[in-house]
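Chemist: Here are the chains, one letter per residue:
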Amino acid sequence: MNKKVKEIAEIIEGKVIGDSEIVITGISGIKEAKPGDLTFIANKKYKNLLYTTKASAVIVGPDITNSVNTTLIQVENPSLAFAKIMSLVGPEPISFASGIHPTAIIGKNVKLGKDVSIQPYAIIEDYVKIGDKSIIGAGVYIGHYTEIGSDCLIYPQVVIRERIKIGDRVIIHPGTVIGGDGFGFATVKGVHHKIPQIGTVEIGNDVEIGSNVTIDRARFDKTYIGNGVKIDNLVQIAHNVYIGDNSIIVAQVGISGSTIIGKNVIIAGQAGIIGHITVGDNAMIGGKAGVTKNVPPNAHVTGFPAREKWEDMRYQAYIRKIPELIDKIKDLEEKIKDLEKKLKKNRDEH
Amino acid sequence: MNKKVKEIAEIIEGKVIGDSEIVITGISGIKEAKPGDLTFIANKKYKNLLYTTKASAVIVGPDITNSVNTTLIQVENPSLAFAKIMSLVGPEPISFASGIHPTAIIGKNVKLGKDVSIQPYAIIEDYVKIGDKSIIGAGVYIGHYTEIGSDCLIYPQVVIRERIKIGDRVIIHPGTVIGGDGFGFATVKGVHHKIPQIGTVEIGNDVEIGSNVTIDRARFDKTYIGNGVKIDNLVQIAHNVYIGDNSIIVAQVGISGSTIIGKNVIIAGQAGIIGHITVGDNAMIGGKAGVTKNVPPNAHVTGFPAREKWEDMRYQAYIRKIPELIDKIKDLEEKIKDLEKKLKKNRDEH
Amino acid sequence: MNKKVKEIAEIIEGKVIGDSEIVITGISGIKEAKPGDLTFIANKKYKNLLYTTKASAVIVGPDITNSVNTTLIQVENPSLAFAKIMSLVGPEPISFASGIHPTAIIGKNVKLGKDVSIQPYAIIEDYVKIGDKSIIGAGVYIGHYTEIGSDCLIYPQVVIRERIKIGDRVIIHPGTVIGGDGFGFATVKGVHHKIPQIGTVEIGNDVEIGSNVTIDRARFDKTYIGNGVKIDNLVQIAHNVYIGDNSIIVAQVGISGSTIIGKNVIIAGQAGIIGHITVGDNAMIGGKAGVTKNVPPNAHVTGFPAREKWEDMRYQAYIRKIPELIDKIKDLEEKIKDLEKKLKKNRDEH
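Chains as they are written, first to last, in the numbering used here: chain F, 1 to 350; chain X, 1001 to 1350; chain W, 2001 to 2350.
Derived by calculation from the structure, the hints in this document are not laboratory data.
What you are looking at is a predicted structure, and each value in this text was computed from that prediction instead of being measured.
Please note that the accuracy of each hint is not assured.
When the alpha-carbon atoms are kept at most 30 Å apart in a straight line, the in silico DSS-like pairs for lysine-lysine are as follows [said to hold, decoys possible]:
#, chain 1, residue 1, chain 2, residue 2
1, F, K328, X, K1342
2, W, K2321, X, K1330
3, F, K34, F, K6
4, X, K1194, W, K2321
5, W, K2345, X, K1337
6, W, K2345, F, K328
7, X, K1222, X, K1111
8, W, K2044, W, K2309
9, W, K2293, X, K1321
10, W, K2054, W, K2004
11, F, K309, X, K1309
12, X, K1293, W, K2045
13, X, K1045, X, K1031
14, X, K1345, X, K1330
15, X, K1321, W, K2044
16, W, K2309, X, K1309
17, F, K328, X, K1341
18, W, K2293, F, K47
In isolation and in its complexed conformation, chain F is listed as follows:
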């Protein structure tokens, strides 16, 4: 890159505070930045890094106004603005030519949209439909009757089993499995008999799913992932789970069967949620939380068993108070002994 701050500000519709003629030659994180770099602060809490960064310019939000010792470019959403610049300077993205690689295996009655790309060794079973411009990566397996929308990007080695429905602009990272059987058995005299999992998985538009994720098909009806949901790596979503639009599920989270997650919910890493409960819209679930009962809308729960965050923190504080309580009780015991002695003395004196 070789662009003046004012040129960059123009691209991201930002307001320059400081020297707009400085030339930017690279981009970087705020801690690692060298002179010539452009960086950004997404979160006010990292604000004092402005005093130490070596970056020549920093993209900031509307809440940061004084320039310290570096030029600022003020925008509405610094992450988004920085992302725009990143796409300009990053290496050219890998592109996959449309067309069907001769080694791909395409079943009967498959309907492919315009400009679909089917990479080597992909297997598309009978009656599959794939929308325009979708890319099916190398070695991907797509089961019978599955429907995939347009502009999807399915990375190598993904397995999507039969009768799944996937919307438009969905990204699925390598190794992920969609539509494996739900985990359900009827136990008779200690022997577990498989319960058929005849439902499906339905995934909305603009969903992104990380690597090595597992999303099971429903026992009946469907497991549902709403529009705009983002799922990180190694997440487990059991049968008949419902996830509302624009929720975010961070890595290694597990959601048990038939649980309903509302819209705009954030579930942080390694949290676990039991089955058959409801997590309300806009709720936040802390990292490693173990959720054992319904979570109301807008609540922020943490810990195990998960409680409202303020309550969980108070509990943590209570535990920290125990040594003090032990001391106080010892003190009280002494005082009472002393009182008893004095009282006895009083009585004896009479």
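Starting from the structure of chain F, add chains X and W where the hints point.
Modeler: Using the frame of chain F, we list chains X and W on its own:
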């Protein structure tokens, strides 16, 4: 589906309580059911859903006898009975024709049973044996000398490394890895030297293993999965672990090296078990539990560090009592101050 | 195997304590050993198994000197010595002939070193470089411009995306994904916009990575795995994480974005570490720990929220003391009531 309740009752050998002439047109979960649907209750604790369900008939166990406002079909095991009806009404299962796809690669001295199906791009290395009617999915890799029984269903992209033994009627879901090296190093002056993992994995009959599971091969001897064991998605089973018959391991559980799990054990989601311990037969391990020592047979342990459930719950209750203790101590302090004052006054008066 | 103890002692440069003429016919774990077996003790804490083992000889460290009832072979590092013997007696390792399988797909401008082995259905995209004697397993996908060193062993179904750098003697187990997009979004009015992840992953020499692991590419710059790092199965390493040389990451650990892990750190199973923090050199993080702030060098932290181990254990002990505190407070309340009564009586008497 279009069947009278009495016809369904006949199939599942159930007793009708209510109108046996009602026509059933679909199946569903008890909460989502519409008129015309058949549903079931597996667990007495959901009993009061009988008052609100819109289902036309509900399969119930012997412990539910009065029909409320819907027809009941009473059977020994409602889940199993419902599963039977599901297989009748569900979409036709995908079938894979027997035979070897021309793109499958079959090594030297491979022995295939009757009616084996080897799907596209599967790789079967030298000296592998596969029993009758087993299905090897697309892109599956089976390493040298591995033996797989009959009637197995190995889904796409599974990797089974060399010298593994797998029983009959085993189902392995996509992306699972059987027989990766155990995690073992000898550290000399801070450098970790790989310890060869020359053992194997042995899997019994009627085992089901979820998606993206990892079961490591033993350092020597074998990692063992007993008959009838059911393993959910993203589970980690380390080298030399032994799992007794009919145990159930729920999603994202991790079992460390050389640990022995008894028969009929249930390990709930995200629990972790350290290495070199024993979990007795019929034990239950709660979700997210962290098991750090032996668990006796029939015990139910929860929490981290895991304790008997009643003990863990009592601990939780203790913590909830702390604010009350703080109040009581404050109260006692006041009273003692008061007593001291009074006593002093008494003495002064004399 | 059929070797006298003295012959084995020679191979591993050990000192025999006991009968050096005994013939060893097999190897085994110390608990499972039968007469004729050689076994070992890596850890002094298993020392008293020497009294019960049926092994004919046991490899021990310098800290065990008296032979009890079995012959000892004393060496510097018993695990390493035993590993040497294991490689002698174990089944012959599977070897993969060098050369490119005719079904492998090799892109343009790919540079392969001497004696590289490319197994069936592997896909090597344009501009990839692979060093001498590396083995690329069946169905592996290697993205554009990626560089892999020499003597690497990449197991089947691994996906390594574009522009990744991997050192020499690296082992990657099946199903692992290197270089998936980091999980980053800019949220504007509840809608999550993807932030390009234009960085890469760089992996040092002598690294081993387990099965179904996910290591994300950086937002910019790189995610870094130092020399000699060992990573177990199902581990999640987020974008821009840095892991210092010779650290050990046990199964199902999750490390969040931009966190820095020092050298020789040990992170036990299922631990989770939040983003943007630093874990110092030689630190130990307990199993299932939830690390929420920086960990100083050489610290040993456990629990959730993670604290120094001694502190965490003291907290556990505090909680165990609560019932005692409840009893003491009840007792004090009684005594105070009694005192109040007596005092009142005293006063009344006057």
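Chemist: Determine for every hint whether it applies to the structure shown.
Modeler: Quick rundown of the hints versus the structure:
1. F:K328 x X:K1342: holds (22 Å)
2. W:K2321 x X:K1330: holds (19 Å)
3. F:K34 x F:K6: This hinted pair holds, its Cα atoms lying about 19 Å apart.
4. X:K1194 x W:K2321: With a Cα-Cα distance of about 44 Å, the restraint between K1194 (chain X) and K2321 (chain W) is violated, given a limit of 30 Å.
5. W:K2345 x X:K1337: holds (19 Å)
6. W:K2345 x F:K328: holds (28 Å)
7. X:K1222 x X:K1111: Judged against 30 Å, a Cα distance of about 23 Å means the pair holds.
8. W:K2044 x W:K2309: Answer holds: K2044 (chain W) to K2309 (chain W) is near 22 Å, not above 30 Å.
9. W:K2293 x X:K1321: At roughly 29 Å apart (the allowed maximum being 30 Å), K1321 (chain X) and K2293 (chain W) satisfy the hint.
10. W:K2054 x W:K2004: holds (17 Å)
11. F:K309 x X:K1309: holds (24 Å)
12. X:K1293 x W:K2045: Answer holds: K1293 (chain X) to K2045 (chain W) is near 15 Å, not above 30 Å.
13. X:K1045 x X:K1031: holds (14 Å)
14. X:K1345 x X:K1330: This hinted pair holds, its Cα atoms lying about 23 Å apart.
15. X:K1321 x W:K2044: violated (42 Å)
16. W:K2309 x X:K1309: With a Cα-Cα distance of about 24 Å, the restraint between K2309 (chain W) and K1309 (chain X) holds, given a limit of 30 Å.
17. F:K328 x X:K1341: holds (19 Å)
18. W:K2293 x F:K47: holds (19 Å)
Violated hints for the displayed structure, listed by number in ascending order: 4 and 15.
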